[in-house]
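Novice: So the chains spell out like this:
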Amino acid sequence: MIEVINLHKSFKGFQVLKGISLRVGKGEILALIGKSGYGKSVFLKHIVGLLKGDQGKVLIEGKDIAKSKGIALEQIRKKFGFLFQGGALFDSLNIFDNIAFPLREKTNMKESEIRDKVLFELDQVGLKGSENKYPAEISGGMKKRAAFARSLILDPEIMLFDEPTTGLDPIIANTIHTLIKNTHERLKFTGIIVTHEIPKIFSIVQKVAMLNDGVIIAQGTPQEIQASPHALVQQFIAGGIKIA
Amino acid sequence: MNWIRVLGAFTLSTVRDLGETGVFLVKGFSWAFIPPFKFFRLIKQIQFIGVNSTLIVLLTGAFTGMVLGIQGYYSLNKFGADALLGPAVALSLIRELGPVISALMVTGRAGSALTAEIGIMRISEQIDALEVMALHPFRYLVVPNFLAGIISFPLLASIFNVIGIYGGYLVGVKLLGVSEGGYFGEMKNYVAMQDILDGLYKSLSFGVIMTWVCCYKGYNAGYGAEGVSKATTQAVVTSSVLILVWDYFLTSVMF
Chain A
1 MIEVINLHKS FKGFQVLKGI SLRVGKGEIL ALIGKSGYGK SVFLKHIVGL
51 LKGDQGKVLI EGKDIAKSKG IALEQIRKKF GFLFQGGALF DSLNIFDNIA
101 FPLREKTNMK ESEIRDKVLF ELDQVGLKGS ENKYPAEISG GMKKRAAFAR
151 SLILDPEIML FDEPTTGLDP IIANTIHTLI KNTHERLKFT GIIVTHEIPK
201 IFSIVQKVAM LNDGVIIAQG TPQEIQASPH ALVQQFIAGG IKIA
Chain B
1001 MNWIRVLGAF TLSTVRDLGE TGVFLVKGFS WAFIPPFKFF RLIKQIQFIG
1051 VNSTLIVLLT GAFTGMVLGI QGYYSLNKFG ADALLGPAVA LSLIRELGPV
1101 ISALMVTGRA GSALTAEIGI MRISEQIDAL EVMALHPFRY LVVPNFLAGI
1151 ISFPLLASIF NVIGIYGGYL VGVKLLGVSE GGYFGEMKNY VAMQDILDGL
1201 YKSLSFGVIM TWVCCYKGYN AGYGAEGVSK ATTQAVVTSS VLILVWDYFL
1251 TSVMF
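Protein sequences appear in the order of chains A and B. First residue of the first sequence? That's 1 in my numbering, and the numbers climb one at a time after it. First residue of the second sequence? That's 1001 in my numbering, and the numbers climb one at a time after it.
Bound-form chain A, shown alone (with noise of 0.2 Å):
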């Protein structure tokens, strides 16, 4: 579903990827982690073609997005939901209207008819009774929540989180994790979470990968990367547990 082949790239003569390469399959959850500043938001930008990379592929189903313009490009960010690490709400709008922007712009719905969409959505994330509310009115909690719902509303084969739980309290951190892995039974999207919700964050995804230094260090799964021999993991995990 997702395959990147040996992607780099460097912002004025600094390199922040060195040549990453993964998979991940259908239906499955990565979870990228690795320290702050080493280029996990710069490569979850590349999967869904915000940023192209200086040498390398990312294939979407066997198309490189990088090379895909006009309609072939849209078709395939209509497989995406993107969840920023701000929210990336938009302030105009309020939490109905945010929701139901991707609806109104994408689909030929009636207006009751998203009304009971994004009624259900915002039931989903905890966040009825707020629709009515802007952005700048709500907590990072409920931001993190609204923008999830916006992510979701068009049912994504592919779902991708930028530190979704990065500032929130270990409830609400809690309840955004919840949401991931109840929501990935119902649509069974295939997704890539950067996190460092560490150990928390292995029992929902399926594969992790660590990022260092612009490499990926290691990836398996959850079991295999709490097993791996290499220190910086290791040290990584440990940290990871102290802190929690």
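Keep in mind that the hints were calculated from the coordinates and are not lab data. Wrong hints could be hidden among the right ones.
[As the list claims (entries may be wrong)] Computed cross-link-like contacts, DSSO-like style, restricted to lysine-lysine with a CA-CA straight-line distance of at most 27 Å:
| id | chain 1 | residue 1 | chain 2 | residue 2 |
| --- | --- | --- | --- | --- |
| 1 | B | Lys1038 | A | Lys106 |
| 2 | B | Lys1174 | A | Lys12 |
| 3 | A | Lys18 | A | Lys133 |
| 4 | B | Lys1078 | A | Lys52 |
| 5 | A | Lys110 | B | Lys1230 |
| 6 | A | Lys69 | B | Lys1027 |
| 7 | A | Lys79 | B | Lys1027 |
| 8 | B | Lys1027 | A | Lys143 |
| 9 | B | Lys1027 | A | Lys110 |
| 10 | B | Lys1230 | A | Lys133 |
| 11 | A | Lys26 | A | Lys12 |
| 12 | A | Lys63 | B | Lys1027 |
| 13 | B | Lys1038 | A | Lys78 |
| 14 | A | Lys67 | B | Lys1027 |
| 15 | A | Lys78 | B | Lys1027 |
Starting from the known structure of chain A, fit chain B onto it as the hints suggest.
Specialist: Coordinates of chain B only, in the frame set by chain A:
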């Protein structure tokens, strides 16, 4: 030889920026012809750029006309031609001051806000969110502003001209004693329809310049609050300078 390298880098960067700015304009206008059209977004932007600028245009128009009334009377009176005050005020406003001053005022009021809004959308990943939804940001952020600028600027310049002519009338006729019939009568004799049309073409092009530069700067804003603040300042300064430079070229060609 370090200065050669610096000069080369500066030249390359300037040429690249100019190219990107040009491509942005062409893309913006191309998207204006691709349905679906965002009619309600256009109305909202006309309100933001046009309707909300009316008060400031009324104020600056009135005072510009009043100053022209005093200065025009002072100059014309020396030659015993104070009866020509009406056409002097009207032609100055219609051909030059109306389009230029109203454009500069709207750039300061709406252009800065436009850049800041789009810039904040850029740094908070709202523009990325549109792209991920397979929706082209130009359709939502650039096209409605281009069209709103093209529609609003000539209307605002017209309001500026009318109120300015009445400002000149107030000072010239009511305070300084120029004949009322002469003020408007001579205006009819000396102001041609072509003068009015040329002024409107000017303000229309200023509308394109302001929205083009401000949208471009916001769309390509740098990181964080500093990036948005820098983009906003650059947008207002560049738009204002471009408006004045373009005004000179248009005036040379038209008159």
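Novice: Is Lys1027/B within 27 Å of Lys110/A, Cα to Cα?
Specialist: With Cα atoms ~32 Å apart, Lys1027/B and Lys110/A exceed 27 Å; violated.
Novice: Take the C-alpha atoms of Lys1230/B and Lys133/A, compute the straight-line distance between them, and say whether it is at most 27 Å.
Specialist: violated (31 Å)
Novice: Does Lys143/A lie within 27 Å of Lys1027/B when you go C-alpha to C-alpha?
Specialist: Not satisfied, since the Cα-Cα distance of roughly 33 Å exceeds 27 Å.
Novice: Verify the proposed pairing of Lys1174/B with Lys12/A, using a straight-line Cα cut of 27 Å.
Specialist: Status violated; Cα separation ~65 Å.
Novice: CA of Lys26/A to CA of Lys12/A, is that 27 Å or under?
Specialist: It is violated: about 35 Å lies between the C-alpha atoms, which goes past 27 Å.
Novice: Sort out whether Lys133/A lies within 27 Å of Lys18/A, counting only the CA atoms.
Specialist: Cα-Cα ~43 Å, so violated.
Novice: For the pair supplied as a hint, Lys67/A and Lys1027/B, confirm whether the alpha-carbon distance does not exceed 27 Å.
Specialist: holds (19 Å)
Novice: Would you check the hint for Lys1038/B and Lys78/A, treating anything up to 27 Å between C-alpha atoms as holding?
Specialist: holds (20 Å)
Novice: Holds or violated: Lys110/A with Lys1230/B, Cα cutoff 27 Å?
Specialist: Judged against 27 Å, a Cα distance of about 43 Å means the pair is violated.
Novice: Does the structure keep Lys1078/B and Lys52/A at a Cα separation of 27 Å or less?
Specialist: violated (69 Å)
Novice: Holds or violated: are the alpha carbons of Lys78/A and Lys1027/B at most 27 Å from each other?
Specialist: Answer holds: Lys78/A to Lys1027/B is near 22 Å, not above 27 Å.
Novice: Mind checking the alpha carbons of Lys79/A and Lys1027/B for me, to see if they're no more than 27 Å apart?
Specialist: Holds. Lys79/A to Lys1027/B sits at ~26 Å (cutoff 27 Å).
When held up to the earlier numbered hints, the structure conflicts with 2, 3, 4, 5, 8, 9, 10 and 11 and fits the remainder.
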